[in-house]
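K.L.:
Just so you know, the sequences run in chain order A and B.
In terms of our numbering, the first sequence opens at residue 242 and continues consecutively.
In terms of our numbering, the second sequence opens at residue 242 and continues consecutively.
Hints were generated in silico from the structure; no laboratory data involved.
No copy is singled out in the list; a pair is fine if it fits within one copy or between any two copies.
Calculated lysine to any residue pairs in the SDA-like style (CA-CA distance at most 25 angstroms, straight line):
#1 K395 x S629
#2 K438 x L249
#3 K481 x T494
#4 K598 x H487
#5 K481 x G528
#6 K514 x D436
#7 K606 x S539
#8 K606 x E535
#9 K489 x F596
#10 K481 x Q594
#11 K598 x V531
Number of protein chains: 2
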Amino acid sequence: MTDLAPILSAAEKDFDQSLERLFTLCRIPSISTDPAHAADCDRAAAAIVADLSSMGFDAKARPTPGRPMVVEHYTPKDANAKTPHVLFYGHYDVQPADPLELWKTPPFAPQRRKDADGIERLYGRGTADDKGQFMTFVEAARAWITATGSLPIKATFLIEGEEESGSPSLVPFLKANRKELSCAVAFVCDTNMWDAKTPAITTRLRGLVHEEVTITGPRIDLHSGMYGGPAMNPIRVLSKVIAALHDKTGKITIPGFYDGVSPLPAATKKQWKALKFSDAKFLKEVGLTVPAGEKGKSVLEQIWARPTAEVNGVWGGYTGAGTKTVLPSQAHAKFTFRLVGKQDPEKVLKAFQAFVKARIPKDCKVTFSGRGGGSPATEIPENNPWISKSAAALKAEFKRDAVLMGSGGSIPICRSFKDILGMDSVLVGFGLNDDAIHSPNEKYNLASFQRGIRSWIRIIGGLAS
Amino acid sequence: MTDLAPILSAAEKDFDQSLERLFTLCRIPSISTDPAHAADCDRAAAAIVADLSSMGFDAKARPTPGRPMVVEHYTPKDANAKTPHVLFYGHYDVQPADPLELWKTPPFAPQRRKDADGIERLYGRGTADDKGQFMTFVEAARAWITATGSLPIKATFLIEGEEESGSPSLVPFLKANRKELSCAVAFVCDTNMWDAKTPAITTRLRGLVHEEVTITGPRIDLHSGMYGGPAMNPIRVLSKVIAALHDKTGKITIPGFYDGVSPLPAATKKQWKALKFSDAKFLKEVGLTVPAGEKGKSVLEQIWARPTAEVNGVWGGYTGAGTKTVLPSQAHAKFTFRLVGKQDPEKVLKAFQAFVKARIPKDCKVTFSGRGGGSPATEIPENNPWISKSAAALKAEFKRDAVLMGSGGSIPICRSFKDILGMDSVLVGFGLNDDAIHSPNEKYNLASFQRGIRSWIRIIGGLAS
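With the hints as extra help, turn the sequences into a complete structure.
P.N.:
Below, the structure is given as structure tokens:
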């Protein structure tokens, strides 16, 4: 195996530039969910192409019906039939930054700051999710090139720009380029460590279904004095739908919703218990004390192995300053469902739509955004050899065993990699629970970025040996 | 009694100018509920002062802690102890115009248009509520001055600028100027006719209480994958509150809410039945078919004699384009309660707050906007002599008896006139149910404006005789 010391040392010497390359990317508001930011997404793709090209790669921003897909294929000069070919996946799009007024520093003016606790952090939208994360493997590749002139493996980089809006262009792109993109395994850097000192590989991901509901009552907004009483208020109808979604024990009441959800095996339950996860500490960090999910399930089980029905947004009527005595024509809500086990996204979506329809009175209409789709949950076999190699590299860096954990989030891409390209995914990430991804003041610990780069240098070395 | 023919004729000759004076006022976006429009409200007050001054009055825009109060006192040269002194009340502020995209013509570019049904209408925010309405008595006064050189009565004009935001400055202003503003009776032009052919005087008004509720769960917005399940979602808590407000029969479930509500007397019930009001037609106009209020109560009874609990607006989480998998920190809703009979606003507000608090789980906090206040319902004795005189004048104009009706809306000022200044209010207005006040495409029929002016010319004449 190659001596990693000069490569780790090259990364260390170049670290200030690594940070500047990350910040260049974080300054671009590449919000894929908002059409107004389409050009920014394109700019971000171009910036990554420029970054990869600067280390001698021949990357391209490939067009899709949505945002471009950055693709780079690298083959070392001395490659042979035994040289492994792996894919590195990340996404350059970010979540919207609102509510803007809660950011302490502007979301798209990233900065490095030493906080009162003495820890240095990188603040800004995307510093963690996912620009900071995927730049760890990009910078690791750069260190390998700088120190040795090449990578010891064949590598395909695939950085997409629609992850935060459900990756609509990705599946068609994978299908259209099946042969070109099929590798031995995919490495995805979009997950968390167990804690700041303990690395982790995520082997369970929840699936995701989303739906937007609009309920219409009267054909126009009405004066609540003139019509209040006889005219049906769609906010009331919508509230009844939302209120009915969960019973008193936190169980979801949609008929058939739990089809395909198995009880957690006793062995896994025991393993997770051994992690000594503190429910109280987890909730306290976000200002809560009482687990709100299904009664009798631990927080880890709720997040890693149980499905959810969540309202992500609700609006209707007058929401400005002061009062307006309006009886609104419409009420809206955005819902997401996290899936586990063998839950079928299409079936869940249909069951939810039927659940809503059953609660619409004669005088109201309901419409669904009809985006449909969604992705089922994914579980990656823990005896996968790529996982063992990655775990060994992480242990070398952190001097601790990597925790094989679940994640409450959804990375549907893993499912597509398996179904379309036939490859498993290894999820190695360096985020922390308090990174505030999807929230104001998103951050990435400086150590996450630094040790993330070092970890990938070691993983790449391990793959070649 | 003065011959009214020359006065009616003066109004007719001047009608195009009357319309232009109204439009000048309607071009000012005097939205009192939005602090950004404070200067526009001040401009509207100045425009009314200029208008009144142009007919020789000595009007003033008097400062208040909020928007100015336009006040004018007129005494004819030949006034004696028997000359009645009446007050005319209106408001120059208007409702917000959103949703803007639903307006066919810009809300603050008023225009006169003949519609496909051959009826001429004035379109724009405030053409009815209340600029078009109060300008009917201003223009009637102008016609009297033009034709006879004076009014036959002592008149006080009081045009306020905060009616749409609860008139916070009015009560202190009335209290501070009790002697100056006390008249024999107040005429308020802010209500509807029975239908396009039948005039009406409104003798029952519902009271109003409003409250804004904010429920806070986690201290920041969370990723719905990372926290969905264990973290309480405040939208769910708020939805449960809203869903619990009414039972299956449409009754409001807040304990003590109906204290002070009496059953409708059999005689009144009979009277209202004789009006042959069509529930179906009333609902059809706004795209509905099924009365949503208390089962077993007619629509007229629901609007004129029953209280309501209504949600005027709701918002929380991500409400922009596309999806955002957020579990929000906060959810908000604006509520109004229409009161009848002897319901006590303070008691209703406290009972509602207790109802909400009882539904807040341990992990959530609730805050109330704390504006408090509100106004009880008002009923004006139907044997009041000013009502008889007004009814006679309306009959002379419309050749039909004026209907003595109720209104679902609230004009708290009537209550304050009674409590602070000791005078009853006579509510004569020329609006129609389809005026879309508080909605996009607000309008006032040209005939409402024209015959409104003629009616006030007659009422003023009748008061003097």
